[in-house]
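Chains as they are written, first to last, in the numbering used here: chain A, 10 to 246; chain B, 8 to 566; chain C, 8 to 336.
Hint data in this document are derived by calculation from the structure and do not stem from the laboratory. Careful, some of the hints might be misleading.
Cross-link-like lysine to aspartate or glutamate pairs, in silico, EDC-like; alpha carbons within 20 Å at most [to be verified]:
id, chain 1, residue 1, chain 2, residue 2
1, B, Lys516, C, Glu60
2, C, Lys283, A, Glu152
3, C, Lys119, C, Asp148
4, B, Lys292, C, Glu74
5, B, Lys528, A, Glu137
6, B, Lys528, A, Asp27
7, C, Lys168, C, Asp202
8, B, Lys292, C, Glu68
9, C, Lys114, B, Asp243
10, A, Lys150, A, Glu137
11, C, Lys139, C, Glu175
12, C, Lys256, C, Glu105
Cβ pair distances, simulated, as ranges [to be verified]:
id, chain 1, residue 1, chain 2, residue 2, range
13, B, Val60, A, Ile229, 48 to 54 Å
14, C, Phe14, B, Tyr160, 33 to 39 Å
15, C, Ala206, B, Ala322, 36 to 42 Å
16, C, Gln296, B, Pro69, 36 to 42 Å
Heads up, the beta-carbon is just placed ideally off N, CA and C, and yes, glycines get one too.
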Amino acid sequence: MADTHTTTHAGLAHHFDDMEQQREAGTLGMWAFLVTEVMFFGGLFLAYILYRSRAPVEFAVASNSLNVTMGFINTLVLICSSLTMALAVYFSQTGKRNRIVLFLLLTMGLGLTFLVIKGFEYHEKYVEHHVPVRFATYEFKWEGHASASGHEAASIPVDNGKVEMFFWLYFAMTGVHALHMIIGLGILATLVLMARRGRFTPDYHSPVELSGLYWHFVDIVWIFLFPLLYLVGAHLH
Amino acid sequence: MEIAEKVIPPRTHYLNATYGVKSWLLTTDHKRIALLYLASVTFFFFLGGLFAVGIRLELLTPKGDFVQAETYNRMFTMHGVVMIFFFLIPAIPAVLGNFLVPLMIGAKDLAFPRINLLSWYIYTLGAAFTVFAIILGGVDTGWTFYTPYSSTYSNGNVVLTGVGAFITGFSSILTGLNFIVTIHTMRAPGLTWFRLPLFIWSHYATSLIMILGTPVIAVTLLLLALERIVHIGIFDPALGGDPVLFQHLFWFYSHPAVYIMVLPAMGVISELVANMTRKNIFGYKFVAFASLAIAVFGFLVWGHHLFVSTQSVYAGMVFSILSYAVAVPSAVKVFNWTATLYKGSISYNTPMLYAFGFIGFFIIGGMTGLFLAALGVDVHVHDTYFVVAHFHYIMVGGTIMGYLGGMHYWWPKITGRMYPEAWARFAALVVFVGFNLTFFPQFLLGYMGMPRRYYAYPEEFQVLNVMSSAGASILGIGYLIPMIYFIWSMRYGPHASANPWGAFGLEWKTSSPPPTLNFEKTPVVTWEAYEFTPREEMVVVSVRDVLDETLRPRPVGSE
Amino acid sequence: MQVPVPFSPDQASSYSGQVDALYGFLCVLTFVVGVVLSLVIIYFAIKYRRREETEVGKPIEGSMKLELAWSIIPFCLSMGIFVWGASLYYKMYRAPGEALEVYVVAKQWMWKFQHLDGQREINELHVPVGRKIKLMLTTEDVIHSFFVPAFRVKLDVVPGKYSTMWFEPTKAGRFHLFCAEYCGTSHSGMIGWIDVMEAAEYQSWLSGGAAEGSLASSGEKLFQQLACNTCHRSDAQGRGPVLEGVFGKEVQFQDGQRLIADESYIRESIITPRAKVVAGFQPIMPTFQGQVSEEQLLQLVAYLKSIGAKSPGAASTNAQPAKPAPPQQ
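Whenever a hint applies, use it, and build me the whole structure from the sequences.
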């Protein structure tokens, strides 16, 4: 574990022997954390698999009522944000301060765009009475017929309870995902502040790399969510 | 084995390096964080114990005459919730693990000291929610929160308690993460994996379970909260859900959780047996791999809690066979510890007494696990006091004995003081007697048919219940005595040297208490684990030699 | 196999002795292992006690032979125990060919029994000795568990589905019934008795009779009251399938799936009719969730069983049940 500097690097924490060890520890820590996130989302995916296998028709019909256009745009937005994040990491490795800040801000912008579009989608669902809650003033309603694209579903018998199951899974999974995005935005904001102060150099840029890992993970979760939630039974049209 | 000469304690060490409340509440020193946890878990141990007192008092008589049914139901629930989430799961890893992992591997601290502190704050926040729930009246669903009772029918503080457990889970995850990264990346030069103390192996295995299992209980509690608040219907058959799904999700974590509770204790026992016999653990590699095997297999057996839950017969068989598989590595460990005693130099001090106690209780607890894994028998004893006795033998007879043994063993390292040995041995004896009296009758009660969570029971069960309650009062005394002398020793106990036990391990190569950065100089390791005698003198034993030697009297002053 | 073990309930079912045998074996095994290990530990602890302060133990690495031995032997032993336990379990869960059926509905905090003859009991179940008794259980609210220690049987009751258990009492007497899954305030009060009677006594208890007539006839009345017969006509002119002869036969659904019509299918069709729609029919049956209690559902089930495939004539206590349904767990 030879040190590349004879003096201690400013970013070296007191309990590590050298930057190499610090970097190794940070990277392993982030990967281990992402594994826990897989387990966390895993519980929701398990519930999804279980209920979809019990109600394939209802899931298809309910999925058809989601706004695929918005979902698709969001997917593109997130993929682009992963690109800008990767570029931010690249520039942090080469020490270009302004570029780091630029790409971090672009990533944040794209992340924010994702959340805004999600907000519109949620609003749409709210208006259509597809939010699966029951309060005095609001109740879930499913008519079991025309979906967004006008397909007549009356000939397929549909159990409203199972349709509702799809929707709560939709809100739970995209909701938890959105929460992770918001946390990601917070992390990116912190990075922007650090980058502006010139904290990142070719020798020390782990925070950017590790945050990049987190951001890519959140992106990948969406790549799974999109087809599972939006594209079920699209062939039924 | 008191220290004959007067010991001069180090001038500056981690306890007196800085003063003031802030220096403790904002510390990043793993040793201080361990003490923060010590204070918290001790509080919760006694809180959980208080609920246990209530339970055993009620069960003295067949009728429900001490408290109301509703109150009793809340008492046993809070006993379980507090003991499991706030004492048993954190105790050894967060107190002894936090303190010792860096010391044992020759590091200055854990990999992420600030995350370590954060994990204590998260624990405290979760604990605050739970205490708040208790003040508001607690919850009455049992610590298992089975739906639909918990999601639709209970009028206790389900969500609040669930939130408390949810938050505290993150503390567990962060601790596990810290340990894994530390053990991988911060071992001292020369400290290869198979030179590590078995305490480290156990904690590594435990950490794997913590990071993989805890997120699942988090999402389960989240779903329970959603069900309860907005009635999404995931567990409600009227809305198309499945109540048994909850049981699967819950036990997917909660079974591995019991290994989170017992593996660290096994790690402590390995340390105690090795150091109190002054030789390497027999079959070191097997014990190390057994820890990993337990962690892996532990994830595959959750369905043995669902044998009578209307789960399919074939699923039951799969889980039963896997449950027997997970018993084997635990048995291997017990055999290896026993074999370590052969030709050891065995000391009878308090830590060793606790180790003996652990082994004895674990044999019974483990063997009774075989009863429960046997499908035909489990149908009869599921949800009876047989199960209660089984898990208390492991968690109290196992984990708590390991915890107390470890606390006594490392007390001089942690505080720089020795506790009074005579009182400590006496307390160990009281605990041993009290524990058996409390829990052994419960096996019999269970087979006779007394269900769990009953606050009134048929007359014929009274005698055994009275025995159990009597034992509990003795056990309680056994736990109070160490509290008293530990506190006493912090002021009046004799100072301890760097290595009062003549033990082996990096933690004994630094002063008692250690300096803040643990070592004056980073050690370079050139020896094997527990190498009391140089490697060249190691022998391989054959069974014939053992029998030969064992049956021949040992000459005086040999070896 | 009647192996009496100490501290156990009465052996009152054909199955109890078998469970006790396995339990007894495990007790002996535990005792032997415990005693042997304890003796070894104590012996070593005394023989190898530390004699002077600086003494160390003899360094012994290990022994592959021993490790293999004490891994393989316990593993084989465990597998043996597994097979023993699993075979008991399988026997216990496999529905018996012919049995006296009783329907059980649990609710906070009581057990309600409905005999096919129409007798209703609460918290106390009368059954004849020496006959196989099959219980079909469900619950109105939360999960409970039907536990009779003397019979060594236990089964959870889960809302929204039927679970089935059977036992054969082998001696007359009064045996505890407990609820064994925590279910709320009066969980410990949800207890009762199983009264096992000699054949003659049982007959005279039976002839005490029930006010409303047999379960199936109550079901028939309900069938008409709820106007089921307007769509499910016997002449195949109705909007719903003919129900005579359905129970116990294979049904085909719109999506191509098939299954044998059993109690759970009947219940599901009444509560969530759109879950499975019979091929060739419209999904227009309304749900009766909330309009029928679990007990009424069981009456309807009993009625449909009585007019199902293979059963001639009206139902009675000794009615031949339709082809046994696959185990409902």
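How the hints compare with the structure:
Among the hinted pairs, lysine 516 of chain B with glutamate 60 of chain C is consistent with the structure: their alpha-carbon atoms are about 19 Å apart, no more than 20 Å. Distance check on the hinted pair: lysine 283 of chain C and glutamate 152 of chain A sit about 19 Å apart at the alpha-carbon level, within 20 Å; holds. Restraint check for lysine 119 of chain C and aspartate 148 of chain C: the C-alpha separation of about 13 Å stays at or below 20 Å, so the hint holds. Taking the CA atoms of lysine 292 of chain B and glutamate 74 of chain C, the gap is about 11 Å. The hint holds against a cut of 20 Å.
Pair hint lysine 528 of chain B plus glutamate 137 of chain A does not hold up; C-alpha atoms about 68 Å apart against a cutoff of 20 Å. Taking the CA atoms of lysine 528 of chain B and aspartate 27 of chain A, the gap is about 15 Å. The hint holds against a cut of 20 Å. In summary, the hint linking lysine 168 of chain C to aspartate 202 of chain C is not supported, as the alpha carbons are separated by about 27 Å, beyond the 20 Å threshold. For the proposed pair lysine 292 of chain B and glutamate 68 of chain C, the alpha carbon gap of about 9 Å is at most 20 Å, so the pair holds.
Taking the CA atoms of lysine 114 of chain C and aspartate 243 of chain B, the gap is near 16 Å; set against the 20 Å cutoff, the hint holds. Proximity of lysine 150 of chain A to glutamate 137 of chain A is assessed by CA-CA distance (about 8 Å); at most 20 Å being required, the pair is judged to hold. The suggested pairing of lysine 139 of chain C with glutamate 175 of chain C holds, with an alpha-carbon distance near 4 Å, which does not exceed 20 Å. About 18 Å separates the Cα atoms of lysine 256 of chain C and glutamate 105 of chain C, which keeps this hinted pair within 20 Å; it holds.
For valine 60 of chain B and isoleucine 229 of chain A, the hinted distance range of 48 to 54 Å is satisfied, since their beta carbons lie about 51 Å from each other. Remark: the range hint 33 to 39 Å for phenylalanine 14 of chain C to tyrosine 160 of chain B is upheld by a beta-carbon distance near 35 Å. Hint check: alanine 206 of chain C to alanine 322 of chain B, Cβ distance near 38 Å, so the stated range 36 to 42 Å holds. Checked against the hint of 36 to 42 Å, the pair glutamine 296 of chain C and proline 69 of chain B passes, with Cβ atoms roughly 41 Å apart.
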